[in-house]
Amino acid sequence: MRRAASVRADPPEDLYSIRGLTKVYGEGPTAVHALRGIDLDLPRSAMVVLLGASGSGKSTFLNIVGGLDDATDGQVWFEGQELTALGPAELTEYRRNSVSFVFQFYNLVASLTARENVALITEIAEDPMTPEDALSLVGLENRIDHFPSQLSGGEQQRVAIARAIAKRPKVMFCDEPTGALDSQTGVIVLDALDQVNRELGTTTLLITHNVVIAEMADRLLRFADGALVEDRDNADRKSPSELQW
Amino acid sequence: MVSLPQWMGALDRKLLRDIWRLRSQALAIALVIAAGIGMVVMSFGMMRSLEATRDAYYDRYRFADIFASAKRFPESLIGDVRAIDGVSIVEGRLTTAATLDVPGMAEPVTAIIHSLPATGMPRVNALVLRSGRMPDPRQPDEVLASEKFADAARIAPGDMIEALVYGKKQNLRVVGTVLSPEYVYAIGPGQIFPDNRRFGILWMGEEHLAAALNSTNAYNEALIRLERGAAEQDVIDRVDVLLERYGGRGAIPRRDQISDRFLANEMVQLNSMTAILPPIFLGVAAFLINMVLSRLVESEREIIGLLTAFGYRSRTIMAHYAKLALVLSLPGLVMGMMLGNWMGRGLAGMFQKYYVFPFLNYRAGFDVYFVSCLVAILVVLIGAAQTVRKIGKLTAAEAMRPPVPPNYSGGFARLIGKIKRLDEPTRIILRGLVRRPVRTLLGAFGVAAALGLYVTSAGSMDNVDLMTDMLFNQANRADVNVTFAEPRDERVLFELARLPGVMRVEPVRSVSATFRAGHRSRTESLTGIEPAGDLNRLIDMDDGLTQPPVRGLMLSSILSGQLGVEIGDKVQVEITDGRRPHLTMPVADILKSPVANPAIVKFDQLGPIMRETPLASGAYLSIDPNHAETIYRQLKDMPIIAGFSRRAAALTGIEETIGETMGVVSLFNTGFAALIVFGVVYNNARISLAERARDLVSLRVLGYRRPEVSYILLGELALIVIAGLPLGIVFGYYLSRYLTASMSGDLFILPFALSAETVAVAVLVVLVTAAISALFVRSRLDRLDLVTVLKTRE
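If you read the protein sequences in the order shown, they are chains A and B. Take 1 as the starting number for the first sequence in UniProt numbering and just add one per residue. Take 1 as the starting number for the second sequence in UniProt numbering and just add one per residue.
Derived from the structure by calculation, the hints contain no laboratory data. Fair warning: there could be bad hints in the mix.
Unchecked claim - Taking beta-carbon pairs under 10 Å as the criterion, some of the chain A residues facing chain B (in silico): (1) Tyr16; (2) Thr60; (3) Glu116; (4) Glu123; (5) Leu137; (6) Ser183; (7) Gln184.
None of the values given here were measured: they were computed from a predicted structure. Note that CB positions come from ideal geometry on N, CA and C, so glycine has one too.
Turn these sequences into a full structure, and let the hints guide you.
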């Protein structure tokens, strides 16, 4: 559903403003309420961790805020522009220019080397870093010309992170980025995310099942049954290397 | 989701849902199979029907086994012929050439008139009465007309026509129209294509035709039916001896009778078309289905691995995919059989435009359906089984592990990395193609095969065009061609040249002769041609314009092949006209002509050969079109003119009959080829989409726009199609050539031509089909759900 985009008059303090965000799959008695009216403001440069069981709504939330899915009701404003009123082409531009994704299963293009996978983004971004810089940020400067089949899972995920940060996005969405990795490799990947957040100030929304990971966040959001049941700031943000699970 | 019955096993449920999921691909597969099967069923159906129809017609209407003609022989000789061992029925008749003045036709119509026995219906070459009635023996002016001629000339029973018979004008009343097994393919003297408006056959009472020809109690033809198992050649030899002193022209067996010969030639052509093109169609269709199914099954890799891991036996899994393959091909089999049957029937009917039968026995044959389906099913099953076996071994463990990206680190893929100017999407396309070279090549071969079939099917008209051009623009350039009732000296040529509007006259002399070399012999015509002639020229298919030899014989390549002689060999020539000289002549030259131009000498050589002053049996005329009507009118009144043909009319006739029929055949074949093109391209695109979906959606998530993502998928498709084009043109060229060569019989050598236009149109068809497939696939790409594709594992 598209409505006329409304723009707030005041310069927005928060990066995201979310009001009454609702998502319903299906209709009638079989309808599934994935999100039940979420209200939330997210500041710039925060490291936000989203926790919750399977089906709690956290991925649906991430997909809508990331411009991959549309809402049934409610609004999402990004820098004062209403995302929930945008059409598919405008959402593509939003994903192209402002946000990045990291997924559990990496989603690298198998037929491109690490460098070329990153170049996929730098070729279409307005002010990108070089693929080499992006890869050295995640510690892969020596694996630049390797194909995905020649990289370990952790390395593949770090290429995915390099690909995500190379365009200097305002926001990075990470859906279970360590889900398929052992804890040692997981820490290396989280380290890369932490470093990007600190050095580049990229707002990061990170979904995880793993409560321990929440300790590296500025802010923690817990979802249950489509609702936001916990929203607290974490004064004592730890570095990933201090985490253990 | 459709609800399925409880008793159905999980795999069968999967099967049904898979089919539903794959329905658009299934349709494309069905179309390809239908094209392969349809082509086989259509071609065999048509050919067998023509054969069955011909045999039934000949049998039911007692078509003669031997045709003997002479200048004139007494009725009593019929008894002598009947006494020959092996002869079952003999009937004598009178036959004469005539010209008709048909209302509404400016030019004279050439006609053959046969006598009807006093009893009415002939016992040999019986007639099929189509309208009206048989002539009343007491009415001297009543005749029957051949139905096609009557229709074309708009003559109905009761109408009068004026005929010039043996120098005398007669008014004849058509009382009925008929068909004859003797004129299944009705062509006038010296013609090769039927022209029903300008050539007619009439039958009139024996007594009245004999009176017109001053030939009472005599015949000039004997029609002979043999007993089963009779020695044909012995009978012919004995008939020749009997007729020798009556000016016998050499008896001929049925297979040399002109209508039967053309019909047989057509069967040879149909046979080779059936033996070559449809099996190739079926083969190509099967190959494509094999390819598509392999890729389809391969895309189920994980599921096969999973089933194996669960403990399913590989036999069960194979049976599952075999079932999938069968269910996918079933609609194509049914469609193909129905389509082929329907089109074969239609085509057989169309052939009746110039092969005239009173009925059509349509017969495709159970074996044709059975064998073509069996071939299709086997190929499909083999394709599916190979892939399942290959995958089943590999992936039981693979399916349980986290996804491993396919390995792209081969040499070529590295090389593509070295090219600095490529953007990443282009690298994705190129590495995808290079990583699986066999698949890429098969894809290109598929396109090539489809294009080749299209070129071959559409190109058959090019051959006809070239042949028409050789015959009517290069060789025969006369506006009008006349034959004389009897050979005449040069005075008749002067007479023709004097007609106002006649610009040029060239004589021609044709005599019938038996050519012998060793134990081989052929009865054909020997023709004297003016070397300086401009209206009737000799065109060699390889060397172009050529001349009759200064001395010696020029043989057509067909006749020299039949006699087994080469240039320099000697041939015995036994002429059966005039003084019937026998002589031995050297073969001076061999002419590769598209039509049988059996034996040729220089015109002025024929006089000495015949031991007479130079005579002409016909002439080629070039005329001023403004005087055409006057010239035709005068020719109608000249008793010497027994045959007349006009080049422009003959050309129109060809376009109307051969052009149209060949056009429809070619259209049907082309349609089948187009179906195959679509099936191949669409399936290639769909499977690529399935394989690439994840990469493409990743790019969409990364912010790539729709056209940018489409570029990757469609770019790959475009490269495969483009790679297939030159291959397809080469394949089409050689296939057309082979087919053309195999279609030449002993009446025609079909010249080979493939026009740039045909190739261009074929390429365009492939490109347009590819573009349409691309549009279909692109709309699917646009609808891919970004979220769910990424959530699932590779």
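How the hints compare with the structure:
1. Annotation: interface hint on A/Tyr16 violated; nearest CB of chain B at approximately 18 Å, more than 10 Å.
2. Taken as an interface hint, A/Thr60 checks out: its beta carbon lies about 9 Å from the nearest beta carbon of chain B, inside 10 Å.
3. With 10 Å as the threshold, the beta carbon of A/Glu116 comes within range of chain B, its nearest partner Cβ sitting at about 5 Å, so the hint holds.
4. Below 10 Å, beta-carbon pairs count as interface contacts, and A/Glu123 has one with chain B at about 6 Å; its hint therefore holds.
5. For the restraint placing A/Leu137 at the interface with chain B, the shortest Cβ-Cβ distance is roughly 18 Å, beyond the 10 Å limit, so the hint is violated.
6. Taking 10 Å as the C-beta cut-off, the interface hint given for A/Ser183 is violated, the closest approach to chain B being about 16 Å.
7. Checking A/Gln184 against chain B: minimum C-beta separation of about 16 Å lies over 10 Å; hint violated.
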